[in-house]
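What follows is the residue order along each chain.
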Amino acid sequence: MLRIVLSRTLPRISGISNCQYSAAAIPVPSAQPEVHYNKLFINNEWQDAVSKRSFPTINPATGEVICQVAEADKADVDKAVKAAREAFRFGSPWRRMDASDRGLLLSRLADAIERDTAYLAELETLDNGKPYAVSYSVDVPMVVKCLRYYAGWADKWEGKTIPIDGDFFCYTRHEPIGVCGQIIPWNFPLLMQAWKLGPALATGNTVVMKVAEQTPLTALYVASLIKEVGFPPGVVNILPGMGPSAGSAIASHMDVDKVAFTGSTEVGHLIQQASGSSNLKKVTLELGGKSPNIIMSDANMAEAVEQSHFALFFNQGQCCCAGSRTYVQDTIYDEFMERSVARAKSRVVGDPFNMKTEQGPQVRNTEQFKKILGYISSGKREGAKLMCGGGVAADRGYFIQPTIFGDVQDGMTIAREEIFGPVMQILKFKTLEEVVERANDTKYGLAAAVFTKDIDKAHYISSGLRAGTVWINCYDVFGAQAPFGGYKYSGNGRELGEYGLDNYTEVKTVTIKVPQKNS
Amino acid sequence: MPVIGVENVQSAGAPSACTVGKQGNMSSEPGNCQNHQDHDPDHGDAGPAKQTMPMPVPNLEVQYTKIFIDNEWHESCSGRKMPVHNPATGDLLCEVEEADTEDVDKAVQSARAAFQLGSPWRCMDASDRGLLLNRLADLVERDRLRLATLEALDSGKIFLMAYFVDLMATVKTLRYYGGWADKIQGKTIPVDGEYFTYTRHEPIGVCGQIIPWNFPVMMFAWKVAPALCCGNTVIIKPAEQTPLTALHMACLIKEAGFPPGVVNVLPGYGPTAGSAIAHHMDIDKIAFTGSTAVGKLIQKAAGDSNLKRVTLELGGKNPNIVFADCDLEYAVEQAHSGLFFNQGQCCLAGSRVFVEDSIYEEFVCRSAEKARNKVLGNPLVPGVDQGPQIDQKQFDKILELIESGKKEGATLECGGGPWNRNSLFIQPTVFSNVTDDMRIAREEIFGPVQQIMRFRSVNEVIQRANATHYGLAAGVFTNDIDKALTVSSALQAGMVWVNCYNAMSTQCPFGGFKMSGNGRELGEYALQEYTEVKAVTIKISQKNS
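So the sequence lines, in the order shown, correspond to chains A and B. Numbered according to UniProt numbering, the first sequence spans residues 1 to 519. Numbered according to UniProt numbering, the second sequence spans residues 1 to 545.
I should point out that these hints are in silico values taken from the structure, not numbers from a laboratory. Note that the Cβ used here is the ideal one computed from N, Cα and C, for glycine as well. Zero decoy hints are in this set.
With a Cα cut of at most 20 Å, we get these calculated SDA-like pairs of lysine to any residue: (1) A:K513 to B:D480; (2) A:K517 to B:V498; (3) B:K543 to A:S463; (4) B:K483 to A:I512; (5) B:K183 to A:V477; (6) B:K543 to A:I472; (7) A:K160 to B:I184; (8) B:K543 to A:I455; (9) B:K539 to A:A458; (10) B:K514 to A:S519; (11) A:K457 to B:N544; (12) B:K543 to A:E433; (13) A:K457 to B:S541; (14) A:K457 to B:I540; (15) A:K517 to B:S489; (16) A:K513 to B:K483.
Going by beta-carbon spacing under 10 Å, a handful of chain B positions derived as facing chain A: (17) L131; (18) I481; (19) D482; (20) T486; (21) S489; (22) A490; (23) T506; (24) I540; (25) S541; (26) K543.
Bound conformation, chain B alone:
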């Protein structure tokens, strides 16, 4: 997702070279493993510093297919398994144990025990929690090729994107929160009266986390890293479509040395395992990333059960506003990747491109040409830049919305249908002359379908851009500092990018206004979502400043 990440890696500045070259050092005993990389076949030696592109691990076998509870692998209580497919080929990759209510109960028990007052996890120095997260990052770096391959097979995303974007972001997120662990500081507070008051920032407790299939391993890191850095324990349900990298992460969590029960990974379906987590009376907090429809269910479930804390990262219909005074070619390119990245399966996708009247035709023309030039195919093959959609359901929904666009009178500039019969590929599609009332302008498509609208004035476009129940992200392209600041202040969105799009980084908070969510992930802000603040007040005999 972070386009920034791609650029950084490919330009490979000095520190990136350092990352690649030194990684082996940290992956086991710090004292005497200087040459670890020599006997580590998965070591990321295909990094850009050496100017050879990484290649997927050939004939990768899936190693982990069970439920991970208490640092052990379990079969499901029900005995049920679920199939996991490669969306590019439709082939069955493997079967994975399917968690349901009973498994969630087991996991909660384990997470609760790990959170007991006096447990190794609770007594651990904060800096050591940070060290564990750093160790986990080292292991992810070691297994980067394997994880990227697994991710591409399981989710259909382009292997090189998985390698450079998803895995890079995963490592950076783990390291970033590794650094926060011993910097989450309470305060001492000058209260009135003869008292001494301080705050403790305590972990919330057992956290349920439910993550989507569009960035499986990255979402895993976004969720567990802040939770663990604050000292919580976790029950995480990966999406049923894409459980494999999460299970590999589970194995690395154990290898890094996290105590049993701190992280539990339960592959399963939303209406069963997901619902059990959301309704559980002994889960203290839930974090969900996914659709707005399910977000509502999660919030209700919390209300129906134990008022668990809820953070939600939901859908978007993000405006990307292009003024006539921008660098046109660059804006076309950014708007294109802002929508088509990851097969259009991004909550951040810039799916309403508002283009100023005077450059509208030119912008549409160039955008369509860009879309037509996209190479579809096997995501493992270099040169391919669009893979399949995740599954039949999404595929059908996207095609249905494309049809609605045609029917409601938008102009189809290119694409508009499936690609390669009997597969889950969809042609890169561009609609122009889209009006605000069309379904394709209002509903989240989550596919490779770009809507381009026309606007005339700043005030008009602000008003139209905000006329949605979503409020996740927005972009604005202009060289005029006043326009940039005016529009970025006015947009109701959690992230506004000026002259860039999808420029995300682990230091920067991420989350939505309105129905795009509650709370923030990433950055320092995310720590608030995983801490309870306790104010301790002590009576003292005499106060002095």
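Looking at chain A on its own, in the form it has when it is part of the complex:
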């Protein structure tokens, strides 16, 4: 994700703000950062689980236990919802706060995270396995930018006055929805937390957030910063826990007004169902993808190869928007394949704390690990051509070799299902119309890309693709300013940008009888 940060934005930021980020300035990390927080964060206090249960969180690079973390369940969710409801009470400090001051608090949170960039990046790498250089220069800076962006929105989210017919004065108020449940995944723990908190808090909601059981540590540290910068108690509550228990309790809760979920399409179905079976809470979903990446023969070959490699292998392939169906026009197919294989073979896999490492372990999730290997087997079995990789990359930890399949057909499992690992599928196509149709022939619709120098082709394809995000001659370019979300089974609603605010707002129409209307 977010190549833009690596290649472009960082040097600029450092130019204007004495910011310490630049490739040369990444500090040497500690591979064993101290863990300060491992409890539930409710009402600005650290609490044990009601059940007193805890679970281990594991370093996926070594398989070793990092620490035990308190495990939230239904009873803890109830406590957190109560705290969030109280913080949202009409007349509470949070409700009465100036919008600009909500913005200021978010800005302060961004400042505190920026101050602790190195530590947070270490913790993220330890818990998630992503290369430290990436945690440090992509994930954390994106978090800071996202929070600053939404800080700015807080006092700019404007209602309207509306010229209705008759002797009335009519206006809208953009009010917060209330208590928002948020369930976030393990692939970008810090960033997903910011994507969720930024718009929810800017618009004045309160939050009960469940973080993924694989990666709870950075979210808990951020909780401590939330308290440090001065958010009132109960505004943000962070609960590490399991999906079927804590996650389900949030989704089914009768006093949670909205739930936002990022994760698999399978669980997305459950969330939507839970809302329907409980209180019809508002639902936004950011789910899976099988995103097409279309390379036309007139594209810049070197750039297209590198971008397509990045599009799939970034973050160990654990991106919902991974470009996992690379469609290459027949006339350049062979050269593209050859170069892509060479690039994948040169990918450095190993210790995520080593600065040269491009690919760390998969996130600690035995099921997920087996699933990826299973997909690789199915690819071989169904007749795709294994061009490189195809197996486990180390004796311990959860490493998988960068893998490329050629001659992939649209009907194969690896061309239809989300693999969420370092496995690239390259498919061949002949014509524009054909590739648009094939690209859209999926239940997913999250992202897509096209590489071409032809302005007509670029427009034709970008209009024709059924996807929430289309990149032209680039991939994984994210900005806090631009909305992100899916068509079809890839989700409901949009995150980021101004659009992200809609999903955290109730619009109230106020109409007042007046003696006489005038324009």
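Given the coordinates of chain A, assemble chain B onto it according to the supplied hints.
Just chain B, lined up with the frame of chain A:
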């Protein structure tokens, strides 16, 4: 000016405490300056959260007295300087380099270079422009005591007002527009035919900005913040009476990291430097705050030269309408501060108070008592609530208008003359039985002189309130929702306050109907004044919805 700001600060809710307590963190490297405030003597630790009133910086020395062009300090091309006085004492504070046409030319060249296609400023991410404005806000917060002291010395305004109102508004304005920088969004537009159309919101270019002496640092922020957030470059001329805080701001702009030439600050006089800006062939836009008389000159100058875009924020003769069903004591208090705030030197001043017949006597009586209780004196001293007028010219004009009021038959309830011989202080003055044709009911006085008129009906007062060539602000006090909505719809004014006055905030647009101005400052609306919209249309092979 924002009375709201005063109340917020003094009640010090949770987030305000956050502002005060954390500010040091942001003033230099974000990563490792957690304890910055420990070695920052100017840090705003006198904030209300700690329940001690801020005190002016003693024996403050003026640090910046030159012209600021291209992030450097310059002497004037002519070699001329101008004196800057403390209006409370008449003492000379310092001499400042006086910009004229040649200096304006230099500044325009620098601003134009900073605006070149491909320049660092033009290539900068919008979010980074926002970050720079936020950094500037941090620096203003750091130097808040120093700036407030300088402002009080230079303009004669009450130090605590400068600290709590002017500086607070300055910081909030900078932060607010810092947030807008990456939210100024163009559109994609479903045009007919096989086309793809989108708009780009581009900066206008080099903007000339001319600001007045009544709220020097706040007006500086109102002008530069939206201009910079949209990506323009700026040449700003502060008033000759009050150049000092603007020059301090220039220093902070450099410290924050704005590229050279993006902001240029030129102290100087209106007929020379101001006129050069207004007539300049290479300035793309001009924004002026000041008198309606000069506003006309600015508009003409734009017409005579290059049709530069013009926004004007000019004078007012603002009606403040008090119905009998209001909370009387509160209305008296609001009407009083609505006029006397800042020595009456506000374009917003509620200088025509229309009071309903049945409460008229009581209202006048209480208003006069309030005015009589005002404490005049050294604006740096706590407890003083009215300082001097800005200069002799204004002083003379105000006294002349007071005399006209007496002559034309208004009843002088209190005040009516100078206070403390050989100074620029004027007694808080209240006139009753003012009729609409009197000069004090028609002309902007810009001093501590309150006119109270009598009215009987809603329709009458609407008609009288609108019978002016101004249209800046208006107030209405009533507990009746129908009256409130009827009057607020009917008044020809850019701002209408219901059961409050001077309730301004950076999110809310500000500007005038009629001869009170053109365009709006503050809020999202101000962004329009600093952007050119470009529609880009691309032929495509096949359109689909």
